[in-house]
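Asker: The lines below spell out each chain.
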Amino acid sequence: MGMTVVEKILAKAAGLKSVKAGDVVEPKVDLAMSHENAALVINQFKEIYEGTGREAKPWEPSNIAIIFDHRVPAEGPKTATNQKLIRNFVSQHNIEKFHDIRGDRGGICHQILPEYGYVRPGYVVVGTDSHTTSHGALGAFSFGIGATEMASVWTLGVALNVEVPPTIKVVVKGSFPKHVGPKDLILHLIGKLTAQGANFRVLEFHGKTIQKMSTSGRLAICNMSVEAGATSGIVPADEETVRYLKEEAGVKGKIECVVPDDDAVYEQIVDVDVSALAPQIACPHTVDNVKPIDQVAGKPVQQVVIGSCTNGRLDDLAAAAKIIKGKKVAQGTRMLVFPASGRVFAQALDAGYIHDFMKAGAVVMNSGCGPCLGVHQGALGDDEVALATTNRNFKGRMGNPKSEVYLCSPAVAAASAITGVITDPRKGGK
Amino acid sequence: MGKVVLKLGKDISTDDIYPGRFMATVLPTETPQFCFNDRTEFNAKLKAKAIPAGSIIVADENFGCGSSREQATSAVKGHELVVIAKSIARIFLQNSVNLGLNLIICPTIEANEGDEIEVQAGKVLNKTSGKEFKTVPLPPARQAIINAGGLIPFTRKRMLESNPR
Ligand code: SF4
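Chain order of the listed sequences is W and F. Counting in this note's numbering, the first sequence runs from 8 upward without gaps. Counting in this note's numbering, the second sequence runs from 144 upward without gaps.
By construction, these hints were calculated from the structure, which means they are not laboratory data. Quick caveat, the model's predicted, so the values are computed rather than measured. Among the hints, erroneous ones may be present.
[Said to hold, decoys possible] What the simulated footprint calls covered on chain F by chain W, stretch by stretch (three residues with Cβ under 8 Å from a Cβ of chain W suffice, anywhere in the stretch; the number is not a length):
(1) 161-168
(2) 285-298
[Unchecked claim] Derived PhoX-like pairs: lysine-lysine, alpha-carbon spacing no greater than 20 Å straight-line:
(3) W:K298 / W:K434
(4) W:K334 / W:K366
(5) F:K229 / F:K277
(6) W:K402 / F:K277
(7) W:K53 / F:K300
(8) W:K64 / F:K300
(9) W:K402 / F:K300
(10) F:K192 / W:K35
(11) W:K199 / F:K153
Even glycine gets a Cβ: it sits at the ideal position worked out from N, Cα and C.
Could you build all of it, start to finish, from the sequences and the hints given here?
Answerer: Laid out in structure tokens, this is it:
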């Protein structure tokens, strides 16, 4: 019987000839990623060793990545102290894949991992972050876990009791209309599948549209696969994956691509045609509350946010800059831009996008998670409405349970910043 | 037996259970104060210790969706609440198994706040309505972690066995 990509990856990582959905395996972990919540991982890790008389040393420091992004620079003493504790651990154990708060090497974990070539096709990647699904964009099986489970991975080097997930094959065809792109595709798909439609499942992406899509776009769709409940999203590695890793991530040597068997068994096949897709908006307070833009156009917004691990890459900033260049952010609306990494920031500077944003009246912030999770930088006031290129609109997500968050693409965000109301970039402003 | 102290709808996110702005607080001993923080009344009752251990939260489908933050699990666990949900999001389920939070999957559960519930093997009994609902067992691989008392003792044992020095 044929295997899906994830089945192949898991079989290899568990040292088995084949596996099928439902089997329980213990795959070796190639990359274990954490951010500031490494503070909790360290705590749990030490507890595992407590009373054993053994020294708490991670199984393989070179397989561990730690990236500061959620609260950078620290918003308060508690975070700063957590970060300090993690820094000490990192230097004590020689964890080299460590990205501190820096303008050159810093950024959001889900951007840093691909950018630095830490993820390869066929890898098993775990991260203490639900959007670890992102790295399926490079043909890896990549999923989110909790801090205690990460402590267990640091100890044993394997993920315990992983049930091989059934796979839903998503076949995407058609060319995107102007101002419509990967973000609209994934929002549309989440609306179709619902917030739990892919719970305990993998979304494996196929079709001409995906083949033509850049790694950046693939990262956006795999990133948000978790919003349909998916364990992971995955794009089988292909020429574009190899190109990205070699040209953009500087990876040297042979890159092996894992692809599904022709007779792989899928639980379900979902077909999507994007050729007539309109810009999509996820309305409060669930990500599956998705509507085509004409149903919400005209809604006033007080804060526009462009960035995050979903849409904070160079092509996202380019799409937004193109629309905002030479225009002004509407009175009564504030626009916040946070590039996904230091590298993206520098590239956007060189390309002139940062200048375009600032001249238009946007505030460009340091790279990191920014307002996405409502800790600091850009909290909302009572009854305020945000329109964001981020990935979650849960009640209170942007720091205030009395506010609303709408999700959209960078093009919609930029067009709406100019008018101050949700605006279809295909039509332009008033 | 326990009383239903909170009835929730579907897609309750970890931002609801434990808002992101308290994520700098990580230790299981400290997270319970922010459990359902923005449900002000419920949170106040929890903090006043007015809700006894073993009390029950009943939720619809997809409980615990969203972030992988383990604070959401440790906060509920800290009050020794029991969660009965129609279905549970993957990471939250796994975190609960790992930390020993009592989660029960019961796809047909019907209960209101104030109802008395008894959890039995394979079923949930609503004593107030007199109705009975089947539960879905956790996969055996997960049950092994629960039986070991959580992932920390489970991993400790594995570490000592696999690497006897
Ligand atoms: S940008 Fe938002 S969704 Fe992405 S890792 Fe940061 S907090 Fe999570």
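Asker: Need the status of pair K53 of chain W, K300 of chain F: alpha-carbon distance at most 20 Å?
Answerer: This hinted pair holds, its Cα atoms lying about 14 Å apart.
Asker: Within the assertion that chain W covers the segment 285-298 of chain F, do at least three residues meet a Cβ-to-Cβ distance smaller than 8 Å?
Answerer: With 8 residues closer than 8 Å to chain W, the segment 285-298 of chain F meets the three-residue bar; holds.
Asker: Please work out if K192 of chain F and K35 of chain W have their alpha carbons no farther apart than 20 Å.
Answerer: Violated: K192 of chain F and K35 of chain W sit about 43 Å apart, past 20 Å.
Asker: Quickly compare the C-alpha distance for K298 of chain W and K434 of chain W to 20 Å and report which way the hint goes.
Answerer: 17 Å, holds
Asker: Going straight from one Cα to the other, do K402 of chain W and K277 of chain F come out at no more than 20 Å?
Answerer: Violated. K402 of chain W to K277 of chain F sits at ~31 Å, over the 20 Å cutoff.
Asker: Holds or violated: are the alpha carbons of K199 of chain W and K153 of chain F at most 20 Å from each other?
Answerer: 17 Å, holds
Asker: Do the alpha carbons of K64 of chain W and K300 of chain F lie within 20 Å of each other, as the hint requires?
Answerer: Holds: K64 of chain W and K300 of chain F sit about 16 Å apart, inside 20 Å.
Asker: Holds or violated: K402 of chain W and K300 of chain F, Cα atoms, limit 20 Å.
Answerer: 40 Å, violated
Asker: Mind checking, does the segment 161-168 of chain F have 3 or more residues with a CB under 8 Å from chain W?
Answerer: Since 6 is at least three, the answer is holds.
Asker: Holds or violated: are the alpha carbons of K334 of chain W and K366 of chain W at most 20 Å from each other?
Answerer: Answer holds: K334 of chain W to K366 of chain W is near 8 Å, not above 20 Å.
Asker: Assess, step by step, whether the Cα of K229 of chain F is no farther than 20 Å from the Cα of K277 of chain F, and give holds or violated.
Answerer: 11 Å, holds
Comparing the model with each numbered hint stated earlier shows that hints 6, 9 and 10 do not hold.
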